[in-house]
Amino acid sequence: MKRLVVLLLVAASALPAQGPAAVAIHNARVVPVSGPVIARGTVVLRDGLIEAVGADVNIPADAWVIEGDGLTIYPGLIDALSTFGIPQPATPQANGAAAQQPAAPQITSPLATPGAVTAANPPARGPEDRPMTTSWVRAADLVKPTDRRLNSARAAGFTTAVTFPPRGIFAGQGAIVDLAGETPGQMIVADNAGEYVTLATSGGFGGGFPNSLMGTIAYVRQLYLDAEHYRIAKQFYAAHPRGTARPDYDRALEGVLDAPRVLLPATRRTDVDRMLRFADDLRLQAVLYGLPEGYRSADLLKKAGASVLVNLRWPEKGRDTDPDEPDTLQVLRVRDRAPSTPAVLAQNGVKFALYTGGLERRADLLREIKRALDEGLSPEDALRALTLSPAEIYGVADRLGSIEPGKIANLVVTKGDIFQTATEVKYVFVDGVKFEPVEEPAPANARPESAPPTPEPQGEKQ
Amino acid sequence: MKSIAFAFLFAAAALVAGDDDTFLIRGATVHPVASAEIVDGFVLVRDGKIAGVGRVFTPPKGMRVIEGKGLHVYPGMIDSGTQMGLSEIGSTRESVDTGELGKFDPQLRAEIAINPSSEHIPVTRANGITSVVSLPMSAGGGGGGRRGPAPSIIAGQAALVHLDGWTWEEMDILKSAGMSLRIPTILAPAGRGGDPDAPPALGGRYSFAEARRNYETDLRELRDFFEHARRYQKAKAANEKGFRPDLKFEAMLPVLEGKEPVVVLAARERAIRDAVQLADQQKVRVIIANPREIGKMGPELKARNIPAILGPTLELPLRDDDPYDAAYTLPDQFFKAGVKFAFGSFDNEFSRNLPYQAATAVAFGLPHEEALKAITLNAAQIWGVSDRIGSIEEGKWADLMITDGDPLEAKTQVKQLFIKGKNVDLDNKQKRLYEKYMNRP
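Protein chains in written order, with my numbering: chain P, 835 to 1296; chain U, 172 to 612.
Simulated from the structure, these hints should not be mistaken for lab results.
In this text, all values refer to a predicted model and were calculated from it rather than measured experimentally.
Virtual Cβ for every residue (Gly too), placed ideally from N, Cα, C.
There's no promise every hint is true.
Part of the chain P face toward chain U, derived, beta carbon under 7 Å [claimed, not checked]:
(1) E1150
(2) D1154
(3) T1155
Based on the provided sequences and hints, a complete structural model is requested.
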């Protein structure tokens, strides 16, 4: 009986793949990331997992064989901070400047906009109103395999994304999702990647609390203190339900307690310092993201032993700016130096992953990666920052991030070096399912508007 | 009948110009501004006017004599940009009367709105400022946010007034000193103090395209308005059938005839360029008000004899990367460019700091005598009243201050102040507060 159930399960999992149960890519160059490059090797995939990797691996009799001469196999790329899979609003925001902002609340959000002031939702008075908070929202519940961006993300070599609800101070919990599937459920690799925190403010008059950076930081702090108290109170109540006043259920705190880690934004060096202290104060398992000024924050990060997510979408001049108003030196400096961040972090031994900042077209992505490579980042480090490092940061290196037996069969097969523009992406395997990517024509606006891009650092004083 | 009227007139004149305004200041160092200083000189005032300046004068018997030994006599200072009497407390809407709604309101006259009892007047006067230009500006004063109505372009007629009088009629020097015009600008992204991250609707960064569109619309409307006014002028001159008087266009006639200048508020270089273009296209006299930079516009301004009213010098630079002293050196840049300028505080509460505004410029390169001129004679010339005020010369009104030193020095005290020869009270609210709290046990 038990065997029958197992068999059924296996059959069920094999069904959606619709292709052959096993695939072998033969005689290809294999870059496992976790180990040395295999000049001529074979990778066998079965039932969505990697069955075998090596220079002399027997090809199973039932396997569909792909001749890999001239091909290179990489682990599938992971977008370490993304909204891939969460369908975006049909029309990007009309305002170009707004796209440069951090994920500030916007009415066009597909989610209930946290903090939006409506008749039913009066302005928040303080932390007790949990402003701009949807900490309980799970990206895992929002992803859809129909998101139009999945195609181009796969074409760019991405098989996995760590996807977050993008709006609010406590935006919600991320999920690690594979970028293909018949149903949303099939896409989920891990349903709880961490809480995504932004330092959004209510944006002015009538928007309610918090209306300033200091308010937002105080609010984040308060919520963590509340969550700790809530956890203890719940624990006590569970042990002594009789004679104890029950703690009020609070979904905002539930969401915070649920998250295994928290993503905190850090733009300037000051922010890095601030956020590291903040995480230390609250004993948070924190991952910093953004880091356009990471090139001069490596010492802080190294000292704290922090892991960071670096936005690959390097800051650039907005398209809709006043030609007569020159950018400040400070802005120009960051714009110029930001692409050196990965190289500097790699030199200093800071663990980092790269994320696309909403870029999905391969050409855009390669352009941004090239800028980092030009600043001295080695292609190996770049690859690691898009594969194994994010898997390690999110604690799923046992499943994702490298080509090793037993890991999820997420691969990119290219005809040449993956970071070369001329290189063709031949196949992408997601959960063992083969895709032959067709690059979509460039959209009218070269820069997609999806969140979250790196905000241009503004004139904050040191 | 006629003689009665005469008698009346005489009585009235006597009331205004009493015996008080005939006197002699002697033994003081006289700084006429128009000419070299006279050590141990005299100023003779008769019926409120300066009747003589020089070295030796024997007063007729019975004439009031003010001994000025060790003191200095300067002409009263002129603040060329304020909202004196139009706004009492900026954040209290009820006390703000600086402008009207609507984009084009040339028919409005600031002068009749001036409150002669404003607390700012004695405070300003106490530092030696005897006359100010009161500029009407955009509606709402402190209340007009970005979400408010569109700001005015032509806000009305500025008045040049004496800081003394029971009514605006008594204060009057020039009813229409100039037409206050805010040149349309492309609103730059919110700079210092603004919140660049706020959504555009809340005063954050504008989309440039949007700002540019608004700017072009405003400029077009401004051009159209001038054209309408010109059309009105012709119709009136031709006594056209069906001609209808219109106060707005009527008010524009002196501007079109070149009798009244247009005071163009233009901060940045490109706004100044637009102002110069306005002068060229509309053939009107332009005065640039509150420029914050000169850029490449110096020669353009000089070639057209366009003067400027420079704003406060103790300001932060316009842009992050500007030199720290950008505002301090601006007056000297105007001077070196050969552009005639005067100072305006563009303030009410701090109009009294006008001499220190000039003093900062001196510390950063402007010759001292130019700084002094910029708060006296230049201002009078720019406003076209140098026959009446601005220097100590025979025939001008006796707007004088007696000080114990250089008025550009902060420690200098104004000992006596005369407006049209009348010795005005130097008491003011600040002094009363000072005394009140000095006497606190």
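- Message: The hint names D1154(P) as touching chain U; please verify it with the least Cβ-Cβ distance against 7 Å.
- Response: holds, 5 Å
- Message: Please check whether E1150(P) passes as an interface residue: C-beta within 7 Å of a C-beta belonging to chain U.
- Response: Nearest chain U Cβ about 15 Å off; hint violated.
- Message: Let's test the interface hint: is any C-beta of chain U closer than 7 Å to that of T1155(P)?
- Response: At 6 Å from the nearest chain U Cβ, T1155(P) passes the 7 Å test, so the hint holds.
Hint 1 from the list above is the single one not met by this structure.
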